[in-house]
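Peer 1: Under the UniProt record's numbering, the first residue of the sequence shown is numbered 1, with each subsequent residue one higher.
Derived by calculation from the structure, the hints in this document are not laboratory data. Among the clues, some could well be false.
[Stated by the list, open to error] Pairwise CB distance ranges, derived in the manner of DEER restraints: (1) S325 x D54: 30 to 38 Å; (2) D54 x Q413: 37 to 45 Å; (3) C248 x G218: 26 to 34 Å; (4) Q214 x V250: 49 to 57 Å; (5) A193 x D414: 49 to 57 Å; (6) K251 x Q214: 40 to 48 Å; (7) S94 x S412: 49 to 57 Å; (8) L316 x E186: 32 to 40 Å; (9) S68 x R233: 51 to 59 Å; (10) Q214 x R274: 42 to 50 Å; (11) R274 x K251: 41 to 49 Å; (12) S78 x F27: 33 to 41 Å.
In this text the structure is predicted, and so the values were computed from the model without any measurement. Built from N, CA and C at the ideal position, the CB exists for glycine as well.
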Amino acid sequence: MRLGHLNFDGLQVMSKKSMVKEAWSGFKPSVSHLRIFGSIAYAHVSNEKRSKLDDKSERYVFIGYDQSSKGYKLYNPSNGMIVINRDVEFDEESSWEWKIQNEDYNYNPFFDDGEEMMQPTAPPPTLPPQNPQVEEVSSSEGPRRYRNLRDIYGATDEINKSGDIFFVCLYVDDLIVTGNNLKMFEEFKEEMAREFEMTDIGLMSYYLGIEVRQREDGIFISQEAYAKEILKRYRMVYCKPVKTPVECGVKVSKHGEGDNIHPTFFKSLVGSLRYLTCTRLDILFGVGLVSRYMEAPTTSHLKMAKRILRYIKGTLDYGIMYSSSQDFKLVGYCDSDWAGDKDDRKSTTGSLLMELHQTQDCPTKILVDNKSALELAKNPVFHERSKHIDTKYHFIRECVSKKEVELEYVKSQDQVADIFTKPLKIDVFHKLRMSLGVMNQV
Numbered sequence: 001m002r003l004g005h006l007n008f009d010g011l012q013v014m015s016k017k018s019m020v021k022e023a024w025s026g027f028k029p030s031v032s033h034l035r036i037f038g039s040i041a042y043a044h045v046s047n048e049k050r051s052k053l054d055d056k057s058e059r060y061v062f063i064g065y066d067q068s069s070k071g072y073k074l075y076n077p078s079n080g081m082i083v084i085n086r087d088v089e090f091d092e093e094s095s096w097e098w099k100i101q102n103e104d105y106n107y108n109p110f111f112d113d114g115e116e117m118m119q120p121t122a123p124p125p126t127l128p129p130q131n132p133q134v135e136e137v138s139s140s141e142g143p144r145r146y147r148n149l150r151d152i153y154g155a156t157d158e159i160n161k162s163g164d165i166f167f168v169c170l171y172v173d174d175l176i177v178t179g180n181n182l183k184m185f186e187e188f189k190e191e192m193a194r195e196f197e198m199t200d201i202g203l204m205s206y207y208l209g210i211e212v213r214q215r216e217d218g219i220f221i222s223q224e225a226y227a228k229e230i231l232k233r234y235r236m237v238y239c240k241p242v243k244t245p246v247e248c249g250v251k252v253s254k255h256g257e258g259d260n261i262h263p264t265f266f267k268s269l270v271g272s273l274r275y276l277t278c279t280r281l282d283i284l285f286g287v288g289l290v291s292r293y294m295e296a297p298t299t300s301h302l303k304m305a306k307r308i309l310r311y312i313k314g315t316l317d318y319g320i321m322y323s324s325s326q327d328f329k330l331v332g333y334c335d336s337d338w339a340g341d342k343d344d345r346k347s348t349t350g351s352l353l354m355e356l357h358q359t360q361d362c363p364t365k366i367l368v369d370n371k372s373a374l375e376l377a378k379n380p381v382f383h384e385r386s387k388h389i390d391t392k393y394h395f396i397r398e399c400v401s402k403k404e405v406e407l408e409y410v411k412s413q414d415q416v417a418d419i420f421t422k423p424l425k426i427d428v429f430h431k432l433r434m435s436l437g438v439m440n441q442v
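Produce the complete structure using the sequences and hints provided.
Peer 2: Next up, the structure:
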């Protein structure tokens, strides 16, 4: 046994209300730094790690104290990182809502179409200790029961079996419903009318700035009124129209030529154009291009944005036509986001279809305008110039072997994805625009 000793000469006489630490150091100890474990914490982000428009703090969960410094140990649930920070504001009235992960990853409670009735029960109330008598509370009414209204909303399993589809879109107090089963539609209206005051205004013609024209050959959607409003707002009503939204061969960088312009004005203009892309896929590349320079725009960047307005001036009545033909097929192009996952470098398209329980009957057709890339994906033989590529990057080759995708060659002038990635000449741009289904109302 080891015995330590303490020199009492340095201690002051302690009163009954003082503590040992206070008597030794002369300072009264404080517990103001103690926080509730698991509470929400907002850590300050230094100026060097953020731009002018970024948030000044990040949201964390408090998990403890650092032993080597007077800092708080914080956990970031979004990326799993643990940081130490002293400049922290705490919200001890709230805590992080942790998600419970099921062991069965294929189970989705939102699409459970079972007939089992759910019977929720409330926990017993907490009684104050000063009340020794407990009166039993009884009720002749049983607990309220709930059941999934699968006849109204539908389940994915039944969609796959019967082919019935029913969609409901809600925005504040406006509802859009559509489907291929009239009986489901009428049942939904009756059920909603029992709970809410509803008015059936018939076929949709206008919704959130989008004009809908339902014709015999399909559905045409556009934003002509919204486009005119943008031109009026930015004083471009009488501008001279152009035939393409982006000048062919244009070179642009963040250090644009000319004077700086107010970022708020430029962001407002770009934001208005971004909403217009809902029905105008032909301006998607141009809007994405000017969106890169919203932090420090110059007059050259503003000139590019105004060119998009000049193009809109000449195509006010353009929109997207969805044909009702039985031969109509939806074709998806995966260009810049192909292999977008940072971990396995794979596309998320297949995962999305799997989550929606929509299996593909045939391989997805991918049109490629590079013959060398086609041969490299189809031929498993390693060439001298490709043998250095790690096998984990041959995801496309793996999909081809599993017959998940089918690669076909297409000429460069017929590659529709080019309209989303580069400025084009007038004739090529108009051809690809028509391939997208973007046209004027006939």
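Peer 1: Hints broken by the structure, by number, lowest first?
Peer 2: Structure breaks hints 1, 4, 10 and 11.
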